[in-house]
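Given chain A's structure and the hints, the job is docking chains B and C onto it.
Heads up: the protein sequence lines correspond to chains A, B and C, in order. Residues in the first sequence are numbered from 1 upward in steps of one, following our numbering. Residues in the second sequence are numbered from 512 upward in steps of one, following our numbering. Residues in the third sequence are numbered from 958 upward in steps of one, following our numbering.
Accuracy of the hints is not assured; some may be wrong.
Across the chosen pairs, the derived CB separations fall in these ranges [unchecked claim]:
no., chain 1, residue 1, chain 2, residue 2, range
1, A, L23, C, E965, 52 to 60 Å
2, A, L23, B, A696, 49 to 57 Å
3, B, G689, A, H243, 24 to 32 Å
4, B, N731, A, S208, 56 to 64 Å
Read the hints as simulated data drawn from the structure, not as lab findings. Glycine residues also receive a C-beta, built at the ideal position from the N, C-alpha and C atoms.
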Amino acid sequence: MSQASVSGSRGLLQAEPLIFEMLGGERTGVDLPEPKGLKDRLGGLKRKAALDLPGLTEPEAMRHYVRLSQRNYAIDLGVFPLGSCTMKHNPRLNEKVARMEGLGDIHPLQPASTVQGALALMEALSHWLMELTGMPAVALSPKAGAHGELCGMLAIRAALYARGEGETRKRVLTPISSHGTNPATAAACGFTVDEIEALPDGRVDLNSLTAKLGPDVAAIMLTNPNTCGLFERDVKEIADLVHAAGGYFYCDGANYNAIVGRVRPGDLGVDAMHINLHKTFSTPHGGGGPGAGPVVFSEALAPFAPLPRIIERDGVLAFEEHAFGEATGRLCAFQGQMGMYIRALAYMMSHGSDGLRQVAEDAVLNANYLLARLKPYMSAPFGGSKDEHWPCMHEALFDDSFLDGTGVETSDIAKALIDEGYHPMTMYFPLVVHGAMLIEPTETESKAELDRFANALIAIAERAKAGDAAAFKAAPLLSPVRRLDDTRAARQPKLRWKAETAADPARVAAE
Amino acid sequence: MRYLPLTPDDRRAMLGVIGAKSIDDLYVDVPKAAQRSGLVDLPRAQGEAEVERAMRGYAKKNLSPANAPFFIGAGAYRHHIPASVDHIIQRSEFLTAYTPYQPEIAQGTLQSIFEFQTQVAILTGMEVANASMYDGSTACAEAALMAARVTKRSKVILSGGLHPHYAETTKTMAGANGVVLIDSAPAIDGEAEVLKLLDGDTAAVIVQSPNVFGTITELNKIAEAVHARGALLIAVFTEAVSLGLIEPPGAMGADIVVGEGQSIGVALSFGGPYVGLFATREKFMRQMPGRLAGETVDADGKRGFVLTLSTREQHIRRAKATSNICTNSGLCAQAFTMHMTLLGRKGLERLALLNHEKACDLADALGAISGVEVLTPRFFNEFAVRTPKKADAVVEALAKRGILGGVAYSRLKGGAMDDVLLVCATETNTDEDIAAFAGALKEVLS
Amino acid sequence: MTIKYTREHEWVRVEGDVATCGISVYAAEQLGDIVYVELPAAGKAVSKDGEMAVVESAKAASDVFAPISGTIVAVNDALSSDPALVNSGPEGEGWMVKLKVGDASELAALMDEAAYKEFVGSL
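So here's chain A without its partners, still in its complex pose:
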């Protein structure tokens, strides 16, 4: 479809091969002093075969990565409405302070006396997280949301063993609509997973829950606001039922951004909850990580938080690094994602308690605005009728019933959005509605941007309903590459470049 050019480039989009295919002799982009070549204490274990790693000079490397970067969509470019992912603006102040001398360059094993500021910063972050959530303890070290889930579920496991019920309480309940990480985490902690049903209004069915509770239930893992973008109205009852049955309430805090500063999970009966600093507190997603997933704990679970912990002795802060009491062991080397702690704390301090509440309210307002604007043209299973608005939290969920009979599917809508210059919404999740489209605008979109996005999506929906399936199947037409063959990638996996498949010049030129 693309007009061929001699260079393979198209306008601003430059053709770019793999680094392994760049010819022109061996070179490097670093200048290092000449080694003296006198000493060797390697004990004869020197590398035998030469490394086959290509090198580039700085100008070549800059071009390579800048050219690649221009094939990526980014928050800084436009609305990134991925439901459940919270793609909000990443303030650059946070990048600056994370790189400060004395913060970005300190070693995790420096003596405590030389890192009092770092420890104080971690304490300050802990204080903010505990105050905001109304929970009495926090473990900072988990390195991502799923790692936080592991941390919380390991604490629950340890608490059950401490009660003498570690071998008898092995079942974890979770809604069908939960993130895949919930059942995966429960399984990784040696629990079996039992799914609970949802009501037609997208919430947990208390009857299904009650029927599944029993003396073998360890915990419930529940996302709230849930993955349909709805607040679990009965959350207190759920917590009470689970507690009465002897289990714990693990809350997946992925959607905490909808309630931060306004509702405290500690007031809802939560025993443990991870907080994705890369969602609610805007540390950058970075193309898929790194994240950070601190976990807040109730009094009941606090003793089982992992190592290390910060302690204060005579006004001096230090790490408690070795096994004591009932603490869960280490979840990682060192003390977690300091770079993310700095960014998250800077974000919190910038917003303050007033700004954070506004963050939640604007996120909810923006999502409801999109729900209201899109509902007449798409199908919102939990959005209410034409005349009645059933509010969502920070994300608006649509299903594919408005596409019935058109031959167009959810994935086609997504690809059509790409041609309109947008990153698609989350597709086919949660699993409880057919052909799900989950839209999370976040609070950092202006009304004008939301209107522009809504107008584009409405036009796409109208076009789909008018019957233009073939055009949808061909989309996207305007992206750097067109639809990619996932089946081919999975049938004959090619996970690395290899010399024998190298540089077919015709193919490289075609890019």
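Relative to chain A, chains B and C alone:
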């Protein structure tokens, strides 16, 4: 608030479109009792300058390695990072992108991951690598779990030279999932001791080279013995630069190679975020944890990259996934791959050689001090010394003199070998640094 | 020799005391392009309705359950290099396992071709 674009007029107009009277109408599903009417008891919003000042206040209470002779390693290493690397990872298109689930508009990240996977495979001497893990220690835990899946056995033996944090992380993460971890006593040069514990129930042995004491170990014989029992050899490293100079584990029979990639392109940052490297043999590809990028073609037949083999992962396989991991260390992997591209073979080999030479100089300088003994027989850029005083007290005394002189082994492994000090030298150390360290150590010990 | 079907869309065909199993044409169509089939090891005992194999498309993985109890005596190795056989001939060259029948009476509860056709039509 500088990050919130909605004006009061916007909010009113939007509530009107929704048909709500106030924002409270949108929170009707939240129990009244759980809603706070006032603000949480925390400070109010602040401007950039105020926040920056507060952060500088924290920074000033830390001793930056830039202002002190610095000799700490033991799992995280101070190396120079080219300015262009930090520039690239701050580009909006890498910094503010999501996981590349929509490959048509994420080829930048996907091609970078594909190149990263190739570099890691080449560096470790393995066939395939994944898109990275949280850090080296969690990669180690995931390797233990993978070995249990592959062999359908549950026992994993840890060497006495394995970084104690790696051992503890593996026990926490893999132990909870039914893997039985067998520890070994700390040993400076005892990686092969794991073979004494090897039996027919063993899924894997985990050895580290260079190990936490800096000792480099030849793995061929260990690999042979492990394979003869139907088990896997998991090789760990914490200093990726070492692979520029020493024989890679993949060339010595390792089945899974995991390690910390922080040394190449990633700031020390008090322990994270870092980048876990994970490589293995092609035949075990489907048992790997974590994300994988693979090559394919688009509708026009043009080469492109996608995330692939995702049926191993939690978002599809849920309770049966190979791991619960949902992220990689994306931006750190981006930094790693660019730094590696700048280095190339030539740069990495020279960098590694410089590190080794500095460490040899340091060993000569410290070994010359009366009462100090260099314990590590073969090393790359870090080694252990015996000190006549308790090592943690030595570290504190050195810090008082403005020198960050290593880490006591006893800090890593509660109380064990309390006269062993772990030290490290890199290309960032000058001859003057080394002289200052040796001089101060002499004073502290006298 | 007749073919029988389960409500989970597996088929089984018994010759002597050996049963050949796979997934139905309908199931293969629903799953789309198969990219990988995870097969059990020969010698493994499986029980009726227990997990026997896994079929994967690029974006989904589905368990294949044993239609009847038995012991695996052979698996279709051709699927490892060419999983697309499950799409081109799910009830022929795309067979998955052969098992030694454990309890032939279990066959009685399964649907015959006509009943399965009706069942699929009702979905």
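Verification of the hints:
no., hint, result
1, L23(A) x E965(C): 52 to 60 Å, "54 Å, holds"
2, L23(A) x A696(B): 49 to 57 Å, "52 Å, holds"
3, G689(B) x H243(A): 24 to 32 Å, "28 Å, holds"
4, N731(B) x S208(A): 56 to 64 Å, "57 Å, holds"
Checked against the numbered hints above, the structure breaks none of them.
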